[in-house]
Each structure stands twice: as C-alpha cells, then as structure tokens.
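Chemist: Sequence:
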Amino acid sequence: MSDRITLKLAARSGSGSAQIESRLPYIRNAQIRSVMGLSRVMMAANMVNVGAFVLAHDMGRMLTPVETGWCLAVLGFAGIGLLRARHFAGREGRRRSRARATGKLVVSSAVLALLWCFPMFVTPEHATPLMITFISTLEAGMIAGGAIALYPVPLAALVHVGILAAAAVPAAIASMGFEAVPFLILIPMFVVVVLRSISRHAGLFLTELLGRMEAETQRDTIQLLIGDYQSTGAHCLWQTDADLRFVTPPEGVSKLLGRAGHDAPETLPKRLSLPDLLATAGCHGYRSEDRATLDTLARAQPGEVDHFRAAIECSIDPAAPGGRRILEIAGRRSALPDRATVVFNGFLRDMTEEFLAKERALLLATRDPLTGLVNHAVFSEIAARTIPMECSLGRHVALFFLDADNLKMVNDNFGHAAGDLLIRTIAERLNAAISPGALISRKGGDEFLILDFVDTAEQGRAMAADLMAALNRPFEHDGRQIALSCSMGAALCCDPECALDTLEREADRALYFGKSRGKRVLQIYDATVGEAVRIDRILTHDIGRALKSRDFNVHFQPILNVPDRRIQGAEALLRWTHPDFGAMDPMTVVAIATREGHCGALSEFMLEAACREALSWPPDLFVSVNIPPSDLDRPDFAERVRGLLEGLGFDPRRLWIEITEERLASATDTVERNLEGLRALGVRIAVDDFGAGYSSLGALDRYSCDIIKLDRSIVRDCDRRPNSRVLIRTVRDLAWINGFAVVAEGVETEAELEGVIEGGFDYVQGFLFHRPVSAAEFRSLIGDAPPPQTRRRA
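Taken in order, the sequence shown gives residues 257 to 1050; the numbers are from the numbering used here.
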C-alpha cells in the first residue's frame, strides 16, 4: 500500500513508472531516513507531552492505575523510538530498504496514534474548560506534529492523522455533549488542511528526491565518461583560472601535445599558463582563423575571453600519420559560484585522423589524384575570377588546350603504368615550363588546360611554341626511351567580357582542327579555324537532320570483268548536297557522323538504299558497300544486316561489304564474330584500299575475307614502275592461293589497264570506264550493256 501511494505521488514528477519502480528501494530508504531524522525530537516531544499530561491531571486528582500504565506505555514507546533512531543513524552506508521497513514505520505510527487516543477518552465528563483546552491542544499538536514528521512516508502520516482525527469526534461528543458542535465543525476542516499538506509535501519530497537521484546518476555517468575519456590517451580535460593558468595538473595536456618526455611533473612551472604550454610545444594554428584565436589567447586580459575553440598543429610527431599531429582545443568560462578559483573548463583532443581524412577528401574534390593538378571545377572557378581582372589591366588571356597524341599506343604497347607515367611527365614538364602565375588543370584522360596572362598576343604564341618544345621529348620508362607526342590548340583574348567556356571551346576547336592535319601540331585559334568550326557546327547539325529525313543520295561506280570489260556490279558511294555548301566530301560526312555517334545509322542507310536499288538490277549483279570500322565493333552488326536483307528480300550473295585492312588486321573477337556471321549468310567481305600504307602480304592468309581491292596508289603508272608490276603479280598469286578475287581500283589509263590485265586480275574499277553515277544513270548503263558474263571467281 505504501509503495502504491508513493508511485502515484511520484508519477506527478514526470518520471516514467518503470524508472520509479526500479528506484523504489532507494526511495524507501530516503523516506525512512527523513522520518528518522526527526524521530529523536518527536520521541522527546512525546515524553514531554506525557509529563504535561501528568501535571495537568494531578491538579484535579491522582492518576489511576490505567492512566499510569498508559504513561509508562508511551514513555516505553518513545524510548524504543529513540533507540531505533540511534541504530538507524549508525547505518549510513545502507542505501536500499525493503517494503517491510516502511510497513514497520506505518505500524509504529498507528500504534503511537492509538496510544494518544487515550487522553481524549479518559477526560472526566465534567472536566474544566482548562482541561478540555489542554487535551484539545495536545491532540492537535500530535496530529500536526505527526503529519510534519511522517509526511515523507505518506501512508504512515495518513494513518497517524486519521486515527487521531477519527477518535477526536466521539471524544468531543462524550466530554462536551451539545457544546462539542463547534469542535466538530473545526476538526474536519483542520484534518482536510493537514491531509492536503501531507499530500503536497510528500509530492514535493518525492520530486526533489527523484531529481537528486537523476542528478547523481548523471554525475556518475559523466564521471565514468570522463574517466574513459582521459584513459584513452587521445583526450584530456583541463581547468584554468582567469589568467589561463592551470588549476588542474597540466601533465595530461603536455603529454597530448607530444612533450611527454620533456615536461616531467617536477619540471613544469607551478603556475604554467595554457598559451605558454602551447608555445613551448611548438603549436600553431591549423588555419588562419585558428592562428588568430591563439594570438588572442596569448594577449588576452582576464575577462576578455568567454569561450574559444581552435585546431592546432604541433611539432612533427614521428608516430603520427605523415609526421603530423593535429588537435582541437576548446574552453568556456565557468558559471560556477566558485569561479574565483576555476574560471575556464576545457578539453584537448587528438583530431589528426579526422583532419587528415578531411584533407584527403578535399584533395580528391579539388585535385587530380594522378598528377596533383587542380581539377577542372577548381580551374574554372579560379579562371572566372582572374580573367576579368587581368583583362581589365590590358593583358591578354592565353588558354592552351593540350592533348597527348600517343597515350593509347603507349598503354597498348607498354602497359598502363607507362601511360600513367606519360600523363605525370606532361604535368611535370608543364609545371617546369610555365610562369609562376599560370594555372594548369588536367581536364581528363590525356587532356590538359593551361591558363596564363601575357602582355601581347605574340608572347602568347611564343609561349605555346615553348611549351610544345618542352613537351615533345621522349621519356624513360623501365629502362627504355618512349616517344611523347602532344598537340596543342590555343585561344587568345584581351576582352574582359570573354568567358572561359568560349576560350576553352575555341582552344578545343583549334586542337581538333590541328590534329586533323597530323600529330605534334600547334594551332592558334583564328578566323580560319573559326570559319571551319562554324561550318563544322552547321554540318554536324544538318547531318543529323539529313539522316532523319533521308536526304542523302547513293551513287554507283561500276565494277567490270577484266577479260570482256562487262559490268558485274557496282560500289555504292555516299553523296550529299548541302543547301549552303553544295556537294560535300563523303569523307567529311563520314568523319562527322562517326564523331557525333551517327555512324551506325549512316551505315544502315547506305546498306538499305544500295540493296533496295540493286533489287531492280539483273540478279547476277552485286553491290558493294563500304562500312566504317566502328560498325564491326557492334556485337549485333551481323544480325542487323541479316534482318535488313531478309526485310528487303535481297540475296546475301549479291552483297559485298568493304572494310579497311587496318580494321581487319586488328580484329577483335567481336569483329571476327561479325565477319564469320556475315560470311555464313553468304555476304562477301572485301579488303578495301589494300596496299595504301598498312598492308602486310604475309598476313593475307589470316584475313577473314573473300576479295582484295588493290589501292589506286599501286595501280597508278604501273606500266612505268617495275615495283608496282611486281607487287601486282605478287598480290595476284597470293590471292589465287588463298581463293580471293582481286579488284584493281582507280584504273584511269589504257596503259594502267594493260598492267592490270597482265597481272591477271578478276575485276577492274576506275574512271577509264565509268565515274560514279546516279542510280538512274546506272540502270541505263546496265540496260544498254550486254548481259553479264559468268564470273571466274567471285
């Protein structure tokens, strides 16, 4: 019962019931200890009250044996109470009490209340007003005193007050009769006030007790955490006075600053200050704001600083990562009443790993990990600030866009380690060659950007030439010299309004324009490049649109049988007439389409248009279509061709697909699978421009092909060049051995034709017979020509 009342009152404090129940043993002990704290006074008061009762009673008559027994009982109870209070006071170390202990206290309060009911019932019937007043005062005092002494245990106080109050009513009626009415009115009101006071004070007692328990728990937790905090060796707490002189021993701070072997406790000054210790340890601010904070601490007068926090870097610590130790120190002015002694509380903790991790993250976010150069985002940010400022002073912006010509070759032939070394070598040579105020960035891959400012455009051109000379030198890897080849595009500007994006685009276009003419090229952006870029931009847009609207045309150049000069088929050739620029070079169209990712769509257009037109030809005539090398890298290319031919109903045996020898020689597994798939359909593979600079006669037997198309460079003037005639016969012999047909391209004279005939070739193609013609004109040619002859070898 006592615990239930306690829980109900304690719940008003806002604590959880589970938390209160877990603390009940401690609450009981606190309740009993509070009651026992007044027990000696209360027991002494009981003895005094007995004496007063005896004196008041003796004025009228002698004590009866019952009254004497009562007096002895109260005195005995009070004596026992005094002994119990003394005994309980000697058990200070005990902090928990069982429910039985509060139960005993409730029983004791009930017994005491019953004992003090006796005077009210032994009052003579016709007692004097003085005696009635004495008894009333005595009982009221016992009620109030019991409530005051017993309220920490609410049930004991309620029982004590309840018994006395319940006895007072019949006692008043018995002793005073009708005259007791005023007392009967006062007694309930008095009891209500007392009971309300018991409830209120008991609640306040429990609220304060639970708050104190919570504070003790937090204090113990904090002390435990502080103990763990300092025991790690990477953290410590400190306290100083108003002059920042240590109040707590500074050994922990000194040890954490890396001076464990220098600052023994006996060697430290008695009144060492925090700024002095930091200076002795060689500490300095990690950032500019941290350095300012340390300077403020060193110069501060008492009362000038309320709080501070700074990151500090100490003298080189060989045990720390990278030989560095970075710590965080913080302090705050104390709000304690004894602030005359302790003014600042603070901590010092090792943050080396955290700060180094932030540095690494910042490095990855702002620097290229391979070269250490700033990345493009940082480069752009710095350039956006400096370009307007420098141009407003009349200087020229020089932006150089650099590209390595041979990175892929180095990676393929010497490994990626050599390729990485090539990239680092470019960065090192650029750093060595540029002026101190220049900025370099690795844009990505093998591309670099260099930003500098010069007084004249001529200086910018000279700088570009110097950079090219510094870069294009071999570098050494694994004991061997490897060529390093770079090309560069440059853009110059002196307008404060010029934007980095524009400069970068112009330099990139100049680089692209220069690399189209070879390697190790330096190209300055000018009107010529700008016009070429303008045209290229227009063509890029219009080629994509022409593909969608199928504005391209296909012309056909006949391929003839050598013995009787009859048309056996034709090569399909792309033609496009631009509305502004007229007839476009097919190579330019293919190059732009490849660059912009339209190559596959262009090939499909050519295949469909050529095969669809060939359906109108005699069934013995073939059509030959050039395919860009990149198309064969598409895993589904052979399947796409099969689907197209089936959709048109075109016989695969009438289709030749021409590819370059370079692509055939470096065929990947994907290319080989596509070639095998095409040949399995019946499509014939022709090696285009054989002998144009890449040819290897010894590799002919390894090529997955059916036809060799000999390049114009070998056929030209073959009647006057013995080497050409020997090469023609050699190619013929190797082709026949491997079962290949041979086509001589670019035959333009009768003498060249005689050389081809002498070589024994199968087919011939060239201006001597026909130039490329439209589809309608080709249909006229084959309509006027005799029926084609059966081919010897196809």
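Note that these hints are calculated values from the structure, not bench results.
A portion of the hints provided could be inaccurate.
Stated by the list, open to error - List time: in silico DSSO-like cross-link candidates among lysine-lysine, alpha-carbon distance up to 27 Å:
| no. | residue 1 | residue 2 |
| --- | --- | --- |
| 1 | Lys699 | Lys804 |
| 2 | Lys699 | Lys664 |
| 3 | Lys699 | Lys771 |
| 4 | Lys664 | Lys804 |
| 5 | Lys775 | Lys699 |
| 6 | Lys771 | Lys664 |
| 7 | Lys511 | Lys664 |
| 8 | Lys775 | Lys664 |
Note that the structure is a prediction, hence the values are computed from the model and not measured.
Chemist: Decide, hint by hint, whether the structure agrees.
Modeler: Against the structure, the hints:
1. Lys699 / Lys804: Given pair Lys699, Lys804 is violated - Cα atoms ~34 Å apart, limit 27 Å.
2. Lys699 / Lys664: holds, 17 Å
3. Lys699 / Lys771: holds, 18 Å
4. Lys664 / Lys804: Given that 27 Å is the threshold and the Cα spacing comes to 34 Å, the pair is violated.
5. Lys775 / Lys699: Judged against 27 Å, a Cα distance of about 20 Å means the pair holds.
6. Lys771 / Lys664: holds, 15 Å
7. Lys511 / Lys664: violated, 55 Å
8. Lys775 / Lys664: Holds - the C-alpha atoms of Lys664 and Lys775 are around 14 Å apart, at most 27 Å.
Violation of the numbered hints given earlier is confined to hints 1, 4 and 7; the remaining hints are satisfied by the structure.
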